[in-house]
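Novice: Please model the complete structure; the sequences and the hints are all you need to start from.
Protein chains in written order, with this note's numbering: chain P, 34 to 438; chain G, 12 to 382.
Quick caveat, the hints were computed from the structure, so don't treat them as lab data. Mixed in with the good hints there might be a few duds.
[Said to hold, decoys possible] Calculated from the model, a selection of chain P residues having no Cβ within reach of chain G, i.e. all distances over 12 Å: (1) Asp37; (2) Ala111; (3) Ser151; (4) Glu162; (5) Asn186; (6) Asp223; (7) Met237; (8) Glu245; (9) Ile301; (10) Thr329; (11) Arg339; (12) Met408; (13) Glu414; (14) Pro430.
[Stated by the list, open to error] Below, a list of computed lysine-lysine pairs in the DSBU-like style, where the Cα atoms sit at most 35 Å apart: (15) Lys32(G) x Lys178(G); (16) Lys203(G) x Lys327(P); (17) Lys124(G) x Lys304(P).
Please read all numbers here as calculations on a predicted model, not as lab measurements. By construction, the Cβ of each residue, glycine as well, lies at the ideal position given by its N, Cα and C atoms.
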Amino acid sequence: MNFDDTPNEAAFRKEARAWLEANVPSEADLAGLDEVGRAQFWQKRKSDGGWACITWPKQFGGRGASTLEQVIFDQEEAKLDTPYMGSYFSIGQGMAAPTIMTYGTEEMMARYLPKLASGEEIWCQLFSEPAAGSDLAALQTRAEKDGDDWIVNGQKVWTTVAQYASYAILVTRTDPNVPKHKGMTYFCVDMKSPGVEVRPIKQMSGGSSFNEVYLTNVRIPDSMRLGEIGQGWRVALTTLMNERASIGGGNVGANFDSVKALAERLEIDGKPAIEDTIVRQKLASWYVEEAGLKFTEMRTLSALSRGDEPGPESSIGKLVAGVKGQDMASFAIDLLEQQGIQWDPEQDEREDAVFVQNFMSLPGLRIAGGTDEIMLNIIAERVLGLPPEPRVDKNIPFSDVPTGV
Amino acid sequence: MNFEFNDDQIFVRDVARSFLKANCPPEVVRRVLEGNEHYAADLWQQIVEQGWAATAIPEKYGGLGMSYLELVLVAEELGRVCAPVPFASSVYLATEAILLAGSEEQKSRWLPKFAEGEVIGTLAYAEKAGVTTADTLETKVENGKITGRKTTVADAEIAQVIIVAAKSDQGDGASLYIVSLEQDGVSYESLKTIDPSMNHANVIFNGASAELLGGEGEGWTLLEKILDRAAVLYAWEQLGGSETCLAMAKDHAMQRYAFGRPIGSFQAIKHKLANMYVKNTLARSNAYYGAWALNTDAEELPLAAATARVGSTQAYYFSSKESIQTHGGMGFTWEVDCQFYYRRAKVLAVAIGSERVWSDKLIKASDHIEA
Ligand SMILES: Cc1cc2nc3c(=O)[nH]c(=O)nc-3n(C[C@H](O)[C@H](O)[C@H](O)COP(=O)(O)OP(=O)(O)OC[C@H]3O[C@@H](n4cnc5c(N)ncnc54)[C@H](O)[C@@H]3O)c2cc1C
Ligand SMILES: Cc1cc2nc3c(=O)[nH]c(=O)nc-3n(C[C@H](O)[C@H](O)[C@H](O)COP(=O)(O)OP(=O)(O)OC[C@H]3O[C@@H](n4cnc5c(N)ncnc54)[C@H](O)[C@@H]3O)c2cc1C
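Specialist: Shown next as structure tokens:
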């Protein structure tokens, strides 16, 4: 048991680090660019250097490298100060691309993947609807055949980066008269098509990273379909599996180091807050979670390094990290007492701003990409093998399923 | 990256698992819990014959010279079955104390006996309710004779030798001593505890001979190091117990029907079990970290040990109480085995200091290491 790279891994790490150090964008490179522009600049540079989407085949803009090599590259990249990538590429590269690779034609792969890798085209995910979130298969957006095309009508919601997206992955209902999981069909759609209207939604944190997307008589050629007609659920599962894999337990700003540092700086009754028993207890428990996630990831990587499939333990990442980050941010505000609530979302350069930012944004992490409750259900049913709940919506036509409206 | 046990180590674990399945079924735990034995002497005999007590003792002292990576896996299996034997006291504490602090002569004298199970050891530092520190120690040694009283010592009436922390007017305020329990000047107050499947007693020293272990006035520092090492081993034993709680709860939840469905199909039960899985997974990964640090004597050992210890303590408590809950009324009965784990979880949780104590150590240790 050790944490050492194999000789191959070490050589790869060295090569990756050398390239990264030589190519990290300077402030001059990024001058005048907004957040998305900076992200695209860096993605393009990685792509030009052969370091974008490195697990993909070379002909589609990748490097033909292993998952472990991707992780090594990401670890090295995280050590440097590089532009914030947000969700600009993670949806396209992490979710649309694997679905296209599984269900798309050679032409589709050749057309879309290289521009996903280079960051030239941003993709979004048109899955959730007002009445279909956790229960995605309840979606109502209709697609109807019209010659060689499909005509799509409906409303999608919570669509991250739709305002920047060139394309989207979309699940629609093509047959409401069969049970819900059987009547869906999956498409890629050009976001510039007539009838696509993106309206920003303001989040409680003040920003607008997600949107409503109205689809009114949007025409999609049948060649943009992924999978068979009526097989949309199966295709969507490929996307969702990759979504769960990509929204990991990544460490947020309110973490052990930052909250401990805060507790060293602040005082309780004239003594450093870090000397307070309750503070120590809470920090220790969070450290156990943080370290537990880190070493769980190491176990996953070790499996990859040996060429094995990782075990189910990686499914706990987002579940643990979401609540932990939220609670740590909340506790940091408590430590700051009255002053803890100060926040100007427009501009806040203070060192402690990270806590209010996390406090206001982490509720979203616990919902996006599978809520905490759904993650617990998944662990209970798929990992532990507990029986599914009886369902009232399975074997009846979709049009007869109760919706509460 | 190879943060995993190798095939030989997994083999040791598998052998231990099937051995204990055959030789330590719940009836053995129940026999000790309900009877007058201090421990399952027959099982202990078999365990030492398997060489488990010798696992991490170097060959030159009569051990098997394997690594701590094998020992932690044995610990996990013992925890899984709630084994009623003095393995933790003798192997994690007494053996580790001699290995860490003993002179060459002391090692040669004691380790072969521990390895063969000819001698069972234990360790004591606590003297009162609440936290005992070097400052509060009252046990003292004068002219090689020890006087004082140690409280709630695990396996005291089973062991032949005990490592004792006593007051010192030098150094860190304490020294460690090796004291034979088979001599005049040692007496016991037998205790009843929440876990009758283990032996606990107060030990009273009244002029018994004591032999210095490690330097005079270095006792507390040594003790902390011994406890750090033991904490990793305890963490694995606790993890094993916690895994059994999840397995029992799951089996029950699949079989028990209420309202026309298996109770495992109710989310209240599903989420409970999923949360057990999450805590056990975090605890396991931290226990790996502890095992690595123990095995390589890493600089991070104090932090890794505290992390593993706190994680396993939390997981075991949670799983053992929620396993009872999942079993409903029968979980609360003497008849059903859930109680073994609930009892043992708490006994192990305070054995070398509570979660609070180890949380405090964790924060202290994190001062010295970049997280
Ligand atoms: C920041 C953010 C970004 C997002 N980005 C996208 C995107 O780009 N594209 C996209 O398609 N979607 C996106 N989503 C939508 C996201 O996938 C859904 O919000 C999520 O799946 C939950 O659905 P819902 O909001 O309809 O809540 P609901 O499904 O209505 O859930 C409400 C509550 O009920 C609980 N619940 C529901 N079903 C069950 C059950 N079976 N058992 C127990 N509890 C249950 C939930 O856990 C939750 O607490 C985003 C969401 C957020 C917050
Ligand atoms: C100390 C004690 C005294 C008692 N005294 C009496 C008495 O005097 N007279 C008497 O008649 N009974 C008595 N009982 C029995 C008591 O009422 C039952 O134990 C209790 O109702 C639970 O039923 P059960 O034991 O069959 O567990 P189960 O019903 O099998 O429950 C097992 C687990 O499944 C969960 N569960 C079951 N159904 C659901 C659901 N729909 N949703 C979510 N979770 C669910 C439960 O919460 C529990 O965690 C006593 C029990 C105890 C512990």
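Novice: Please check whether the beta-carbon of Ala111(P) is more than 12 Å away from every beta-carbon in chain G.
Specialist: holds (15 Å)
Novice: Take the C-alpha atoms of Lys203(G) and Lys327(P), compute the straight-line distance between them, and say whether it is at most 35 Å.
Specialist: Judged against 35 Å, a Cα distance of about 41 Å means the pair is violated.
Novice: Would the non-interface assignment of Met408(P) survive a Cβ cutoff of 12 Å against chain G?
Specialist: violated (8 Å)
Novice: Could you grab the alpha-carbon distance between Lys32(G) and Lys178(G) and see if it respects the 35 Å cut-off?
Specialist: violated (44 Å)
Novice: Are all beta-carbon distances from Glu245(P) to chain G longer than 12 Å?
Specialist: With a cut-off of 12 Å, Glu245(P) remains clear of chain G, as the shortest Cβ separation is near 30 Å.
Novice: Are all beta-carbon distances from Arg339(P) to chain G longer than 12 Å?
Specialist: Violated: least Cβ distance 7 Å, not greater than 12 Å.
Novice: Checking the smallest CB distance to chain G, is Asp223(P) really beyond 12 Å?
Specialist: For Asp223(P), whose nearest Cβ neighbour in chain G is about 40 Å away, the distance exceeds 12 Å, so it holds.
Novice: Is the Cβ of Ser151(P) more than 12 Å away from each Cβ in chain G?
Specialist: holds (30 Å)
Novice: Just double-check Asn186(P) for me: nearest Cβ-Cβ distance to chain G has to come out over 12 Å.
Specialist: Its Cβ never comes within 12 Å of chain G, the nearest being 35 Å, so this holds.
Novice: Could you let me know if the closest chain G CB is still more than 12 Å away from the CB of Met237(P)?
Specialist: holds (25 Å)
Novice: Over 12 Å from every CB of chain G: does Ile301(P) meet that, or does the non-interface label fail?
Specialist: holds (15 Å)
Novice: Checking one constraint from the list: CA of Lys124(G) to CA of Lys304(P), max 35 Å. Satisfied?
Specialist: Violated: Lys124(G) and Lys304(P) sit about 50 Å apart, past 35 Å.
In the structure shown, a violation is registered for the earlier hints numbered 1, 10, 11, 12, 13, 15, 16 and 17, in ascending order.
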